[in-house]
Amino acid sequence: MTAPTIANRDDLISYLHTAMALEHATIPPYLTAYYSIRPTTNSDAAHIIRVTAVEEMLHLTLAANVLNAIGGKPDLTRPGFVPSYPAYLPDGEDDFTVDLRPFSPEAIETFCKIERPGAAPGVRARLVPVPEGSSSLLVSSPTVEGMRFYSIGEFYEEIIEGLEKVEAVDPELFCGDPARQVGPEYFYSGGGSVIPVSDLDSALQALRFIADQGEGLDSGIHDADGELAHYYRFRQLQFGRYYEVGDDPDAPTGPPLSITWDDVYPVKVSARLTDYPLGSELAAAARKFNAEYGAFLALLTKTFNGRPNLMQDAVGSMFRLRDEFTRLVRNPLPGSGGLNAAPTFEIPPVSWSDPDASTTADEMAEATW
Amino acid sequence: MTGQLSEQFLALSVDLTAFGETDLLGTGLADDYLAKARAACGDEVVTALLNAHRAARADAAGHNGSPDRNRLDRALRHRIFSDDRLGPVARNVIKLWYSGTWYGLPPEWTDCYGANAAAETSTVTAASYQEGLLWRAIGANPPGAKAPGYGTWAEPPRIEPRYLKRAAK
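Which chain is which? The protein sequence lines are A and B, in order.
In terms of the working numbering, the first sequence opens at residue 1 and continues consecutively.
In terms of the working numbering, the second sequence opens at residue 1 and continues consecutively.
It cannot be assumed that every hint is accurate.
As the list claims (entries may be wrong) - Pulled a few chain B residues facing chain A out of the computed Cβ check, cut under 10 Å:
| # | residue |
| --- | --- |
| 1 | Glu21 |
| 2 | Thr27 |
| 3 | Glu155 |
| 4 | Arg158 |
It should be emphasised that the hints constitute simulated quantities derived from the structure, not laboratory data.
Backbone N, C-alpha and C fix where the C-beta goes; we use that ideal spot for every residue, glycine too.
Using the sequences and the hints, build the whole thing.
Structural data, given as structure tokens:
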């Protein structure tokens, strides 16, 4: 059996910082595919991708709540929080990466891999060695060098076991200020209700919700509430058909889904700022998006550090970012052979200041995972 | 051919609307608007408008390639806005970009230049209302579309500083 990688509160804090980075890292790929779809086309696919992306935002908030409940300090502005795309996937394979792609069969294939249900064959296999030369892993163990998880579900299972173990010997584990929790009064239409975390029970509830809604560790295509797990939602786009309750995972029997792969802005895959013409108006727009995204992450960081009412402002920022996003993807990218522009998510360093929430030296060190 | 027309129409639109190329292409409607103008007024009028714009640009060409703003303003008024045939069409192209609607030209215009389709008021696509430049110009969202988030209506409009009077010292 693999030795547990979580021994104390500091380990848990490291893992939950990683969980937040992981949940966030799935959002730019989903949004790139979503906003590449031409308006009024592909409504089935657009809906499926949008709902999934919004649920990842809920997961990010839930992970922040658990982190806050055990006395951690969320920080979405630390270096490396936004991965450099393409980034490696966490499921134990090393032959593909997560790109920022337009809506396409390749994008859906990647989304299925991100959300793949992954009960490891045994606990022994939960952690697998990181392949040589891999640098941009989405899910690696923050406490054991050179190891990463077999699947996102396994990663959360490790945190759940760690919380139970540490709480058993440290009854003061859940020492966080309840005023730092983001509750349903601040979070609306976001793929389920947000769970404030104050003790082990609510923490486990929040983390199991994330794992079930995403990959469904072992719960089949629908969860207990009859909701389809993300993996199976994306499978519908591959089959071109919706699932009905009780369907075999390999044979959905619901209504057909109409997809027109050509009704998509052909955005350049994982575009970088260096792909933009130097000094151009378009390059300035791409840099502006990145800067505004950085400012948005700083605002979320404040929200998660004792000012949950700022969530309302953050949602306003999200809608403004949406408009900037769509403006970019409709612009041809000169010199790309007929491809379009897209946000690069190369976020410039942003500082956020809040005297009540200084980052400890230990947390700064962990920020380099 | 269409590519060249598109480029010329885009260049004309930048000078007519005072929005940049990235903003205009960002609406996703540049080619729809060109097609609308051609369908309404006919290719001959649109070609004449694009040629007049090129000539105005040439009139105003500065030493380093970028036009002299005052000379360009005069040239546009001289060659386009004071022209009985091209002026009303150019004003309509501005309204098209700002509101997403082709406003019917008056009978005086169609009596002289034919192209009866130009007299009909119509929207271009379902997206053209919400992509109207007017909403960006006043820093507001188009009512009923592009939801801005709960409570954002309590905030002042976000108008780019360069458009504010106090910025123009």
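We went through each hint and held it up to the structure:
Checking glutamate 21 (chain B) against chain A by beta carbon gives a least distance of about 6 Å; that is within 10 Å, so the hint holds. Taken as an interface hint, threonine 27 (chain B) checks out: its beta carbon lies about 7 Å from the nearest beta carbon of chain A, inside 10 Å. The closest approach between the C-beta of glutamate 155 (chain B) and any C-beta of chain A is roughly 7 Å, which is under the 10 Å cut-off, so the hint is satisfied. Here the hint on arginine 158 (chain B) is kept, as its CB sits about 8 Å from the closest CB of chain A, short of 10 Å.
Every hint from the earlier list agrees with this structure, and none is contradicted.
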